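Peer 1: One line per chain: the protein sequences are A and B, in this order.
First residue of the first sequence? That's 0 in numbering that gives the first Met the number 0, and the numbers climb one at a time after it.
First residue of the second sequence? That's 0 in numbering that gives the first Met the number 0, and the numbers climb one at a time after it.
Keep in mind the hints are simulated off the structure, nothing from the lab.
Remember, it's a predicted structure, so these values are computed and weren't measured experimentally.
One or more of the hints may lead you astray.
[Stated by the list, open to error] When the alpha-carbon atoms are kept at most 27 Å apart in a straight line, the in silico BS3-like pairs for lysine-lysine are as follows: (1) B:Lys-190 with A:Lys-190; (2) B:Lys-165 with A:Lys-190; (3) B:Lys-270 with A:Lys-190; (4) B:Lys-453 with B:Lys-326; (5) A:Lys-500 with B:Lys-571; (6) B:Lys-190 with A:Lys-271; (7) A:Lys-602 with A:Lys-571; (8) B:Lys-356 with A:Lys-165; (9) A:Lys-190 with A:Lys-165; (10) B:Lys-500 with A:Lys-571; (11) B:Lys-34 with A:Lys-571; (12) B:Lys-4 with B:Lys-34; (13) A:Lys-333 with A:Lys-453; (14) B:Lys-531 with B:Lys-500; (15) A:Lys-165 with B:Lys-4; (16) A:Lys-592 with B:Lys-531; (17) A:Lys-270 with B:Lys-190; (18) B:Lys-34 with B:Lys-96; (19) B:Lys-326 with B:Lys-356; (20) A:Lys-190 with B:Lys-271; (21) A:Lys-592 with A:Lys-571; (22) A:Lys-356 with A:Lys-326; (23) A:Lys-531 with A:Lys-500; (24) A:Lys-592 with A:Lys-582; (25) B:Lys-33 with B:Lys-8; (26) A:Lys-356 with A:Lys-500; (27) A:Lys-531 with B:Lys-592; (28) B:Lys-270 with A:Lys-571; (29) B:Lys-571 with A:Lys-531; (30) B:Lys-602 with B:Lys-500; (31) B:Lys-356 with B:Lys-453; (32) B:Lys-165 with A:Lys-356.
Each chain is listed here by its residues.
There are 2 protein chains.
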Amino acid sequence: MNNDKVSLKDPELLRELSSLTIPQCEQLCREIRKKIIETVCRNGGHLSSNLGAVELTVALHRVFRSPADKFVWDVGHQVYTHKLLTGRYDDFSTLRKENGISGFCRPEESEHDAFISGHSSTSISAALGLAEAMRLSGDRHHAIAIIGDGAFTGGLAYEGLNNAGKSNDNLIIILNHNDMSISKNVGAFAKYLTSIRGNTAYLDAKKRIENILCKTPVVGEPIKNFITASKSALKSVLYHSTMFEDMGFVYLGPIDGHNIAELEEAFRAAKKLRRPVFVHVNTVKGKGFRPAEINPGAFHALPSSGYDRSNPNNEVTDSFSEVFGAKLCSLADKDDSICAVTAAMKYGTGLQHFAAKYGNRFYDVGIAEQHAVTFSAGLAKGGKLPVFAVYSSFLQRSYDQLMHDAAIDNTHIVLGIDRAGFVGEDGETHQGLYDVPMLLTVPNTTVYSPSTYKELEMCLERALYRTDGIAAVRYPKGTEHEDTFAEDTDSFLLTRNGSRKLAVSYGRIVHDLYGIDGCDVLKLVKIYPVEKEILSACMDYDEIYFFEEGSRSGGIGEKLLSLLYAEGYRGKYVITAVDGFVKQASAARCLEKYGLDPEGMRKIMALSEGMNVET
Amino acid sequence: MNNDKVSLKDPELLRELSSLTIPQCEQLCREIRKKIIETVCRNGGHLSSNLGAVELTVALHRVFRSPADKFVWDVGHQVYTHKLLTGRYDDFSTLRKENGISGFCRPEESEHDAFISGHSSTSISAALGLAEAMRLSGDRHHAIAIIGDGAFTGGLAYEGLNNAGKSNDNLIIILNHNDMSISKNVGAFAKYLTSIRGNTAYLDAKKRIENILCKTPVVGEPIKNFITASKSALKSVLYHSTMFEDMGFVYLGPIDGHNIAELEEAFRAAKKLRRPVFVHVNTVKGKGFRPAEINPGAFHALPSSGYDRSNPNNEVTDSFSEVFGAKLCSLADKDDSICAVTAAMKYGTGLQHFAAKYGNRFYDVGIAEQHAVTFSAGLAKGGKLPVFAVYSSFLQRSYDQLMHDAAIDNTHIVLGIDRAGFVGEDGETHQGLYDVPMLLTVPNTTVYSPSTYKELEMCLERALYRTDGIAAVRYPKGTEHEDTFAEDTDSFLLTRNGSRKLAVSYGRIVHDLYGIDGCDVLKLVKIYPVEKEILSACMDYDEIYFFEEGSRSGGIGEKLLSLLYAEGYRGKYVITAVDGFVKQASAARCLEKYGLDPEGMRKIMALSEGMNVET
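All chains should be modelled from the sequences, with the hints used to inform the complete structure.
Peer 2: Encoded structure:
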């Protein structure tokens, strides 16, 4: 056995990986873990799930050849080891920094990232597309989807499975099973997976079959027939019957996800089969970092400020999310019709207190935003007051449900939209810049964008009790602005300084406008539909500067212009907003880049004389 | 046995239903079928699936009490019997007519329609919401989702199942299993259902258990334990193990869906259980109408013109859909990288020729629009040219996949968006009025809206070969305008008559503008992004009238105004478009109602002098 130390820094590492001994691999895994922990504790990022997937990733790269074989990582919370092994070791210190390595998969970053990731449950569909493309081109390589059990609560994963099982492709699905979504995983399917996970008798039967497969250099017809004879009595006894087999896959597992030899054996078997294979791998979230092993939920992700030893449970106490959660709790004290719904984001959306106090009417539906909205509409039709708390970017997955299941019938549901605006280090797949344009296309919808904690409380109450149809309250990640000069409101506030110039905005950036001399300021809090009074207030001005921490196309800036034009406004109108997608960088840096920081806004109002709308 | 004839017209029928004899029920079912066939052959509507659900519906209403028990019909293609039994017999002749009975569920139409329907796969989530609301209120009634196997290909159904199985609710899911989506059902799950369907040994085991249940007045702990002892060897032999049991349901079935006594027995058993139950009912699509039994796909729906005996296979040959399908075929002759994807709409989108000729690269993914887009993006990343043909309204379900899986990475996929514009008799859940505002919020997207067959061909070619990112080509239901005066283009066309007034539009209605005197006409075909040349062309006019067969909020009318304003345009600008949702009526009537017919447009251009934007 060659016991030379291997180095993660070795540029030839990927090519040499398959020739390493198991002890060398184990040493490599230790080195990888060290690097991940070091980097995430400094830069922030996803910790627990990445630590759980180290051996799995090393074993995959020993058996398959990226980029000829296509690795599709679901979400991307488990992709760091893959990045370290595929030429991104040197830049890894820039993880989640501006111009640095992304925390998710980015095909433009590396040919080894076969498909973009960030949102959940996409990998099976994407890998099936890649596998079909290869089949059509006569390419015999594999497409491999690596997906956690949390992502399996999303309907898209099921749609993918439903189509993949019947294909004739070199498609391999690796279930990285750690019993966790971001918090504890939920739902019947999760329970089902866990029932397989723990079944050792089952494991033994599986091992026998795997052994048969592994000892057969070319998988001949007899073995194929054996596997595909899905109706045979033999199968149901020896091979049991998992849901995955029912859906057309060969099922291999459960495999110990921290045993490289066992992982490799399974992957080699899967590779030989040349038909859709489902490999069930058991992993421990947070593996190798004690605080994360004990409390993987809290260490799902660390903030960009990194690991704070004085806050060992990585708790956030001062944030819009927390204020939202606390206010909802206090409203629920007095109103037992209030129900809270989350899609696997109990902590992220500040609903943990509600869940603890009102478990009976708290619903964590898993990563299932479509269901969350339709279920909420059902609750509402049954006389309840549902509040679905969700991140701005993930609400996109509920678009049809908002439109069809809530808006048409004018059903009253409340949305608590967290992470609205720039989200910082998560980058383009997570930006909260598109919810406003999206919601403006949904009739019977009202949108509030509070700029302070107090306004969030006021808006939530108004959304629940004094708004029809879909009532959305959106607020950013993090804390309120340190200087909140203006009075709180759940409608709008015009602050006059006798200027002919009016600066208009909403959300957290509005407070920076109060520091700019020589302009009146219009703060919008109920941003849509636009009130008549707002239009008449605007008509008095010669110049209007609209600042929007959101996408320009279809945003409030464009909407207000079309309404003002109808009223006869013909003055200057300058929209400063975001075009297209926005890469990772701190929220402060993003504001600066788009001219939405105090200095930028001041400049735009001073320098843009003689111009009209900048688009 | 009381053998008096019962009448469907009897206003007390619903109340008396449970006291009828089986022969009386059978007579009633014959009467219902007759009424449905008569009405649909005259008014158009969904035929095959409604005929398959007659006995099922009668049996449900004998066992459950609507509206105290909540009936949630998925899609609504099977809801006609329910409508006839719940007080809508007299108005049934107005089915799908303006101001008439909807072809889908509409809570505003009747308290017996517990939840809106039209799009697929929503019923389990909605029924679970209703069931939970009842549980929280201490109401012991049931929520019942009735869902076809076709709708089970949608991920939302799975998200609902995943959450429902673990609940403690009086929730019953009825699978109406006819082996069809709109065309033949697809996917591993469908195959799985069919494998259960045909298993008679299994049926016998089931029957035994049902009998136990039915003979027990109150379901005691022993039986509950028997059922929930899911790990026991007994279960796997006697009770087999279906996916649904794995997910936490009691599974009853398969039941003969045309045998009222058997149906009732199963429903009574389900009712007693007081926990989530899954009842598997086998039905025959088109039951009782020979042409539909023989060819249920062709008789899935009849057009509003009704049944044409000279066209016994109900074939459409002259339509935008057909032109799209034929053009895609001819392009695929020369380019083997073209792949076609449909979500259970092979015929509706005109892809049947492609499917027949290029089965190897044709994908019917089931009712799974999310998967369709992500899968297409996977094909594209693998070097293929995927074209996803989908109805405008159903594309809403792919919003997040368009944004996240295609747009961010600027992946080139083509969308063939059928049923764009007013769709007529299907009403508000199916209108193709929102795709443009939706797509305008997705960066890296180009939208074409051809107004003639020839333009559709030109646009499709341009979308495939001369457009980046997401390239959407949208076109209406039905045939091209009979008078197509203007030259075909895949860009835009300005027709000058020396006027100071400019009429601007896109899609089929643009041709009516050429008949209006005294205005220049700008036809947009590539509608987004708006070309610079279009802006400069518009700048020459004093008055611009924008006519949009689509939603105003976030549409091209608003977009063009904001761009023109930036260029310095300050003239009159009048947008005529659609606000909110639009109820069923012929497309011609809808155009008239919104001022988008020739007469309306002429009036708006003549009468609105001295006004500015009408919003």
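Peer 1: All hints are to be evaluated individually against the structure, with a verdict given for each.
Peer 2: Okay, the hints, checked on the actual structure:
1. Taken as a hint, the Lys-190 (chain B) and Lys-190 (chain A) pair is honoured in the structure, with Cα atoms around 24 Å apart against an allowance of 27 Å.
2. Taking the CA atoms of Lys-165 (chain B) and Lys-190 (chain A), the gap is about 9 Å. The hint holds against a cut of 27 Å.
3. For a cut-off of 27 Å, the pair hint linking Lys-270 (chain B) to Lys-190 (chain A) stands: about 25 Å separates their Cα positions.
4. The straight-line distance between the Cα atoms of Lys-453 (chain B) and Lys-326 (chain B) is roughly 10 Å, inside the 27 Å bound, and the hint therefore holds.
5. Annotation: proposed proximity of Lys-500 (chain A) to Lys-571 (chain B) holds, straight-line Cα distance about 24 Å (limit 27 Å).
6. Taking the CA atoms of Lys-190 (chain B) and Lys-271 (chain A), the gap is near 25 Å; set against the 27 Å cutoff, the hint holds.
7. Note on Lys-602 (chain A) and Lys-571 (chain A): the hinted pairing holds, with a Cα-Cα distance of about 16 Å set against a maximum of 27 Å.
8. For the given pair, Lys-356 (chain B) sits about 21 Å from Lys-165 (chain A) by alpha-carbon distance, which is consistent with the 27 Å threshold.
9. The straight-line distance between the Cα atoms of Lys-190 (chain A) and Lys-165 (chain A) is roughly 25 Å, inside the 27 Å bound, and the hint therefore holds.
10. A threshold of 27 Å between alpha carbons decides the hint, and for Lys-500 (chain B) with Lys-571 (chain A) the separation of about 24 Å falls inside it, so the pair holds.
11. Between the alpha carbons of Lys-34 (chain B) and Lys-571 (chain A) the distance comes to roughly 63 Å, so the proposed pair goes past 27 Å and is violated.
12. Restraint check: the Cα-Cα separation between Lys-4 (chain B) and Lys-34 (chain B) comes to about 16 Å, which is no more than 27 Å; the hinted pair holds.
13. Restraint check for Lys-333 (chain A) and Lys-453 (chain A): satisfied, since their Cα atoms lie roughly 19 Å apart, inside the 27 Å limit.
14. Taken as a hint, the Lys-531 (chain B) and Lys-500 (chain B) pair is honoured in the structure, with Cα atoms around 20 Å apart against an allowance of 27 Å.
15. Distance restraint check for Lys-165 (chain A) and Lys-4 (chain B): the Cα-Cα separation of roughly 50 Å exceeds the 27 Å cut-off, and the hinted pair is therefore not satisfied.
16. For the given pair, Lys-592 (chain A) sits about 26 Å from Lys-531 (chain B) by alpha-carbon distance, which is consistent with the 27 Å threshold.
17. Using a Cα cut-off of 27 Å, the hinted pair Lys-270 (chain A) and Lys-190 (chain B) holds, with the two alpha carbons roughly 25 Å apart.
18. Between Lys-34 (chain B) and Lys-96 (chain B) the CA atoms are separated by roughly 16 Å; this keeps the pair inside 27 Å, and the hint holds.
19. Of the supplied pair hints, the one linking Lys-326 (chain B) and Lys-356 (chain B) holds, its CA atoms being roughly 13 Å apart against a limit of 27 Å.
20. Distance check on the hinted pair: Lys-190 (chain A) and Lys-271 (chain B) sit about 25 Å apart at the alpha-carbon level, within 27 Å; holds.
21. Distance restraint check for Lys-592 (chain A) and Lys-571 (chain A): the Cα-Cα separation of roughly 23 Å lies within the 27 Å cut-off, and the hinted pair is therefore satisfied.
22. With a CA separation close to 13 Å, the supplied pair Lys-356 (chain A) and Lys-326 (chain A) stays within the 27 Å bound.
23. For the proposed pair Lys-531 (chain A) and Lys-500 (chain A), the alpha carbon gap of about 20 Å is at most 27 Å, so the pair holds.
24. Restraint check for Lys-592 (chain A) and Lys-582 (chain A): satisfied, since their Cα atoms lie roughly 11 Å apart, inside the 27 Å limit.
25. Straight-line distance between C-alpha atoms of Lys-33 (chain B) and Lys-8 (chain B) comes to about 13 Å, which keeps the hinted pair within the 27 Å bound.
26. Note on Lys-356 (chain A) and Lys-500 (chain A): the hinted pairing is violated, with a Cα-Cα distance of about 49 Å set against a maximum of 27 Å.
27. For the suggested pair Lys-531 (chain A) and Lys-592 (chain B), the alpha carbons sit about 26 Å apart, so the restraint of at most 27 Å is met.
28. Distance restraint check for Lys-270 (chain B) and Lys-571 (chain A): the Cα-Cα separation of roughly 66 Å exceeds the 27 Å cut-off, and the hinted pair is therefore not satisfied.
29. At most 27 Å may separate the alpha-carbon atoms for a hinted pair to count; Lys-571 (chain B) and Lys-531 (chain A) meet this at roughly 21 Å.
30. As the CA atoms of Lys-602 (chain B) and Lys-500 (chain B) are separated by approximately 13 Å, the hinted pair is consistent with the 27 Å bound.
31. Taken as a hint, the Lys-356 (chain B) and Lys-453 (chain B) pair is honoured in the structure, with Cα atoms around 23 Å apart against an allowance of 27 Å.
32. Proximity of Lys-165 (chain B) to Lys-356 (chain A) is assessed by CA-CA distance (about 21 Å); at most 27 Å being required, the pair is judged to hold.
Checked against the numbered hints listed earlier, the structure breaks hints 11, 15, 26, 28; every other hint is satisfied.
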